[in-house]
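2 protein chains.
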Amino acid sequence: MLQFDLLKTDPTSHARRGALTLGHGVVQTPLFMPVGTYGTVKGVTPRSLHEMGAQIILGNTFHLWMRPGLDVLQGFGGLHGFEKWDKPILTDSGGFQVWSLGAMRRITEEGVHFASPVNGDRLFLSPELSMQIQTVLGSDVVMQLDECTPYETRGQLTTEGEARQSMEMSLRWARRSQAEFQRLNNPNALFGIVQGGMYENLRAESLAALVAMDFPGYAVGGVSVGEPKEEMLRVMAHTPHRLPAHKPRYLMGVGTPEDLLEGVAQGVDMFDCVMPTRNARNGTLFTRFGDLKIRNARHRADQQPLDSSCSCYACAGPSGVPWDQGGREGFSRAYLHHLDRCGEMLGPMLTTVHNLHYYLNLMREVRDALDAGEFAQLRARLRAERARGV
Amino acid sequence: MLQFDLLKTDPTSHARRGALTLGHGVVQTPLFMPVGTYGTVKGVTPRSLHEMGAQIILGNTFHLWMRPGLDVLQGFGGLHGFEKWDKPILTDSGGFQVWSLGAMRRITEEGVHFASPVNGDRLFLSPELSMQIQTVLGSDVVMQLDECTPYETRGQLTTEGEARQSMEMSLRWARRSQAEFQRLNNPNALFGIVQGGMYENLRAESLAALVAMDFPGYAVGGVSVGEPKEEMLRVMAHTPHRLPAHKPRYLMGVGTPEDLLEGVAQGVDMFDCVMPTRNARNGTLFTRFGDLKIRNARHRADQQPLDSSCSCYACAGPSGVPWDQGGREGFSRAYLHHLDRCGEMLGPMLTTVHNLHYYLNLMREVRDALDAGEFAQLRARLRAERARGV
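Line order of the protein sequences matches chains A and B.
Under our numbering, the first sequence is numbered contiguously, ending at residue 390.
Under our numbering, the second sequence is numbered contiguously, ending at residue 390.
I should point out that these hints are in silico values taken from the structure, not numbers from a laboratory.
Some clues are possibly wrong.
The list makes no distinction among identical chains, and a pair is therefore deemed to hold if it is satisfied within one copy or across any two copies.
Calculated cross-link-like contacts (lysine to any residue; reagent style SDA-like; alpha-carbon spacing at most 25 Å) [what the hints assert, rightly or not]: (1) Lys-84 x Ser-308; (2) Lys-247 x Asn-185; (3) Lys-84 x Gln-325; (4) Lys-87 x Ser-311; (5) Lys-84 x Asp-302; (6) Lys-84 x Ala-380; (7) Lys-8 x Asn-201; (8) Lys-84 x Leu-292; (9) Lys-84 x Val-390; (10) Lys-8 x Gln-303; (11) Lys-87 x Lys-247; (12) Lys-84 x Ala-301; (13) Lys-247 x Gln-178.
Note that the coordinates shown come from a computational prediction; the quantities given were computed from them, not determined experimentally.
Generate coordinates for the entire structure from the input sequences, incorporating the hints supplied.
Pasting the structure below:
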């Protein structure tokens, strides 16, 4: 099931505030989805995700198909039961991961032939199989199988002709995905994905064809695939606001906090990205006043938390009272620096909590500002603060 | 400060129930202390330790001296502030870790010369310096510097003569530790450590000399150093119950759940061991019905939690209702097997919670049984259950 209620629109941009009802509950948009590739958002418990205000998480169909395998997931009635997450889940189609295998895969009209990275088995992923797998997973939002048009291949930019071929095949796969999804009587929601590379005319064609197919929601794909930032911003400025206003819009795999603000302004409702979790493990932390590298020796004796305005467990401890408000229960930069230096697991555990909290809280602030009719002000303030430096 | 109240003694063994008041609060004995070598119990947050009922944790003086270093710890007013743990902390003397450096160290009457494993610096640890470091750490329980008498060296069992030399030096170091501890006006409690290798006569001598020095508590050291299990049990049967009844007794570095039960029966009040945390990371889980290897393929699709009677977060989820009582919020063996196979951080996070909860809960059951005068029955039941197999 899927119902999208558009609650408010921003007069200064394409930004909108909505509520999206899915099989496992209602989520408030705009929102950010933490990525849980293998049935776990790396380094955090489901309880911690609940506490941070995560409303919906992502799973990767390809990875879960490989491990633990469909028979195991079926035994648990799907991914929710397996990973003990009872709120909504969105899964990708597996297409992007198969595509990322490079020389290990061969794409045909029928689907993608590839060798399993786990055991070398010869496998085949088609739009139909992707729908079957995502039906077993019980995903609240299912994504069509698409071909992710590359930005360049071996240094050669993708030509318009190549991008058209790829986009048109994705459209045929969209039809096959939709037909199989219906045949399976899947009660959840299937999203179509706009492709077309960096060519606006192709994106417009893709969009029109997908809108004609009447999906309950739409994604913008093929961004964050190695293109320069200006190119990404150009696609972000083109596609989202042209999608049907009464349906949810999902920008796949984007991005930095600044990208999310820009995406919201362009009319995007849903985001996912590995950046908060991956950067946390690499010691790059998002804060209100810019990014912080915890490995830098200057943090060695610093008693401040990562972000003195942050109420996450890492910065404010169990009470959640930020340093700026007199809270002194949080963990210091010195401690996090020490944990990183010693390779202690608690390091990435705490930094992951912080980065995810940062992203989830950013979107909470965006929603509150949209509710209050103050999105333009919030956007200007957040940008200025982030540019200040930590 | 230290006050030990002996609340009850078991008529069927040397087991006793006590309450130990330390600088950071009262702890109930017998108890188990999770090991937090580098200022973190590997893989768990302080909040999680609180929730599991940890009363006191251990820190390793040598490691913390190396990293983050005393200047950093001093800035935080000690280890409690640095690692955000506000209950009691016991620290070892650093002697065992320096001793473990093997060829990298040289032991003299004055102290131990060694090369820093972090940067190769030539360093020196004496009883006086150990007291100074532990004073900076602000440990509630400080341990004397001792020499850990090895069980064997290059295949040669330690002779009585060697064990005597070592034990007598440890006694001289005990006197120097005590003098320095007093000179520093350290307000906390210093424990003496009984040595003497596997020789009961030497242990009796060590014990008598330490008792004459009137420490507020005593440890049994030099066990769990590679000796056969029967030798360890022989020392455990000899030393603890001969220590002063009105003072706390700490058996260092022991052991399995069965060892803990035996230790309690022999009159031990305090235990520490890396086994629950280390085994968790290696996939060996303690359960009521024996040990379970989560890497075993037979768990691949098993929907049961690790221990169907367990109320930890891993086995029973946020509600804490065990599987046996109808709870279905816990994580399955299949899920934990999958996380381990995928190298996901949540795997060791959940298994560490389980193993620590198992140890802490075991000691809670022991205390309850002692309170109820049913220790002998509990001991027999737990042993039979553990021997059943999972």
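Here is how each hint holds up against the structure:
1. For a Cα distance limit of 25 Å, the shortest separation of Lys-84 from Ser-308 across copies, 17 Å, qualifies, whereas the shortest one inside one copy, 32 Å, does not.
2. Taking the shortest alpha-carbon separations for Lys-247 and Asn-185, only the intra-copy value of 21 Å comes in at or below 25 Å, while the best inter-copy value is 71 Å.
3. For a Cα distance limit of 25 Å, the shortest separation of Lys-84 from Gln-325 across copies, 18 Å, qualifies, whereas the shortest one inside one copy, 35 Å, does not.
4. Proximity of Lys-87 and Ser-311 under a CA criterion of 25 Å is satisfied in both settings, with 23 Å inside one chain copy and 23 Å between copies.
5. For a Cα distance limit of 25 Å, the shortest separation of Lys-84 from Asp-302 across copies, 15 Å, qualifies, whereas the shortest one inside one copy, 37 Å, does not.
6. Taking the shortest alpha-carbon separations for Lys-84 and Ala-380, neither the intra-copy value of 39 Å nor the inter-copy value of 36 Å comes in at or below 25 Å.
7. Taking the closest pair of Cα atoms, Lys-8 and Asn-201 never come within 25 Å of each other, the shortest separation being 30 Å inside a single copy and 84 Å across copies.
8. Taking the closest pair of Cα atoms, Lys-84 and Leu-292 come within 25 Å of each other only across two copies (22 Å); inside a single copy the shortest separation is 32 Å, beyond that limit.
9. Taking the shortest Cα distances, Lys-84 and Val-390 sit within 25 Å of each other only across copies (24 Å), while inside one copy they are farther apart (37 Å).
10. For a Cα distance limit of 25 Å, the shortest separation of Lys-8 from Gln-303 qualifies neither inside one copy, at 42 Å, nor across copies, at 44 Å.
11. Taking the closest pair of Cα atoms, Lys-87 and Lys-247 come within 25 Å of each other only inside a single copy of the chain (20 Å); across copies the shortest separation is 53 Å, beyond that limit.
12. For the homomeric pair Lys-84 and Ala-301, the shortest alpha-carbon distance between copies (15 Å) is at most 25 Å, but the shortest distance inside one copy (39 Å) is not.
13. In the homo-oligomer, the alpha carbons of Lys-247 and Gln-178 lie at most 25 Å apart inside one protomer (17 Å), although the nearest pairing across protomers, at 74 Å, exceeds that limit.
Checked against the numbered hints above, the structure violates hints 6, 7, 10; every other hint is satisfied.
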